[in-house]
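As they're listed, the protein sequences go chains A and B. Numbering follows this note's numbering, in which position 50 of the first sequence is assigned residue number 50; successive positions increment by one, without gaps. Numbering follows this note's numbering, in which position 266 of the second sequence is assigned residue number 1266; successive positions increment by one, without gaps.
What the hints contain is simulated information worked out from the structure, not anything from laboratory work. A portion of the hints provided could be inaccurate.
[To be verified] Pairs of lysine to aspartate or glutamate, EDC-like flavour, derived with a Cα cap of 16 angstroms:
no.	chain 1	residue 1	chain 2	residue 2
1	B	1224	A	91
2	B	1224	A	88
3	B	1022	B	1054
4	B	1038	A	92
5	A	94	B	1039
6	B	1031	B	1041
7	B	1254	B	1282
8	B	1216	B	1039
9	B	1266	B	1237
10	B	1182	B	1211
11	B	1038	B	1211
12	B	1216	A	101
13	B	1182	A	14
14	B	1038	A	91
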Amino acid sequence: MTMKTDIQCTVFDENDEYSLKELCSTCRVHTQFIQDLIDEGILSPRGTQPQEYRFTAVEIRRIQISIRLQSDLRINLPGTALALDLLEQIEELKRSKQQLERLYALKKY
Amino acid sequence: MEFKDYYTTLDIDRSATQNEIKRAYRKLARKFHPDVNKDADAEQRFKEIGEAYEVLQDAEKRKAYDKFGKDWEAGQEFKPPPDWDKDFAFHGGGYTENNAADFSDFFESLFGARKNGAGADSYTGYGQNYRGSGQDLHAKVVISLEDSYAGTKQSITLQRQSMNEAGQLITQPHTLQITLPKGVTEGQQIRLAGQGAEGIGEGSSGDLFLEIAFRKHPHFTPSKRDILLTLPISPWEAALGGTVPVPTLGGKVKLSIPAGSQTGRKLRLKGRGLATAANKGDQYVTLAIMVPVAQTDAEKELFRNMEKSMPFNPRSNLGV
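Looking at chain A on its own, in the form it has when it is part of the complex (with noise of 0.2 angstroms):
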């Protein structure tokens, strides 16, 4: 077994902002991919042109989320911003709901 220390770690937080050539070689696409996850509205940066586009460091979890649902499931680009969405809300209800089991098993007591 090897073992190594202290390995170097990107965080990927929503302050880091990333270039469009950045982020293609982080997700190792192609600029083309990036350019229509944007026109789905799956990826929104700042600037308008893609020169200037500025992308957070968590929509790069979209783009891998993108690309293995493509793969793995054959979803089409409509598809995966539906899904992505739909996965977002449904997050957002299970927090309410494990909040709101909290609240009803305090009524045991």
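Fit chain B to the known structure of chain A by using the hints.
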């Protein structure tokens, strides 16, 4: 090694047609895709479904697999007979798909090991290898809210494939010590450059992406960097107001409750959530009034006194 019943995995009969197999696979793949299904075992199920489909969708492999048929049950100790596959076209091994990194030992003993050098530890179905560089790996790291609050060191073990000196592909456990900074949130990605699969030939190694997941906390619910808590209070604390202790990730703090509060009232403890150098979350406290059970006569008398001296209709908005 255990025998795997691919028909059970896809929940189909041994007589299923190729179309039925495809339909069953697609349905289950959607259900257990790890991006969609957050259950802890979803990723494992997704891999098993993919492996079962890889065999059953291919007429030759299915025929070969069916030779074992009814004599075996899932989980039974299994060793393939020598030369069992000699009549079939895939003799000598080799996958048809490129996402076969995660197939089981059982699969490999029957259909051969993977030929190329880039392997992934997870559910990546996409194998874009640019310039022969190693694949990016994706994995989840599960931590507690306290770990995120204070920052933490975690050790994670991945199964990585690499070439040994003899040019053979070997799978080895690989342990990484990582330091997670304060204030990471659910779903946040962390990149460990160069810690992905090894490249082929001169190609550079891929990156390892870790996704943060939180273990369920008994009291706190995280919402990005905010922390939600339901706080029980007494009827007199609600009616008269007062200062009560509240647990936070950073320890006990005091919260003042305004007089006349009701269940559901939300109060904010600023800056008491998860925090990085630049971003600070808050803790949101939702009040829940708990009514004590009146047991003694004296206690019951107190409630009767309230009934008599405090005109109150909690159902007035229902019109009754």
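Each hint tested on the structure:
no.	hint	in the structure
1	1224/B to 91/A	holds (11 angstroms)
2	1224/B to 88/A	holds (12 angstroms)
3	1022/B to 1054/B	holds (10 angstroms)
4	1038/B to 92/A	holds (14 angstroms)
5	94/A to 1039/B	holds (13 angstroms)
6	1031/B to 1041/B	holds (12 angstroms)
7	1254/B to 1282/B	holds (15 angstroms)
8	1216/B to 1039/B	holds (12 angstroms)
9	1266/B to 1237/B	holds (15 angstroms)
10	1182/B to 1211/B	holds (15 angstroms)
11	1038/B to 1211/B	holds (12 angstroms)
12	1216/B to 101/A	holds (13 angstroms)
13	1182/B to 14/A	holds (14 angstroms)
14	1038/B to 91/A	holds (10 angstroms)
In this structure, every one of the numbered hints holds.
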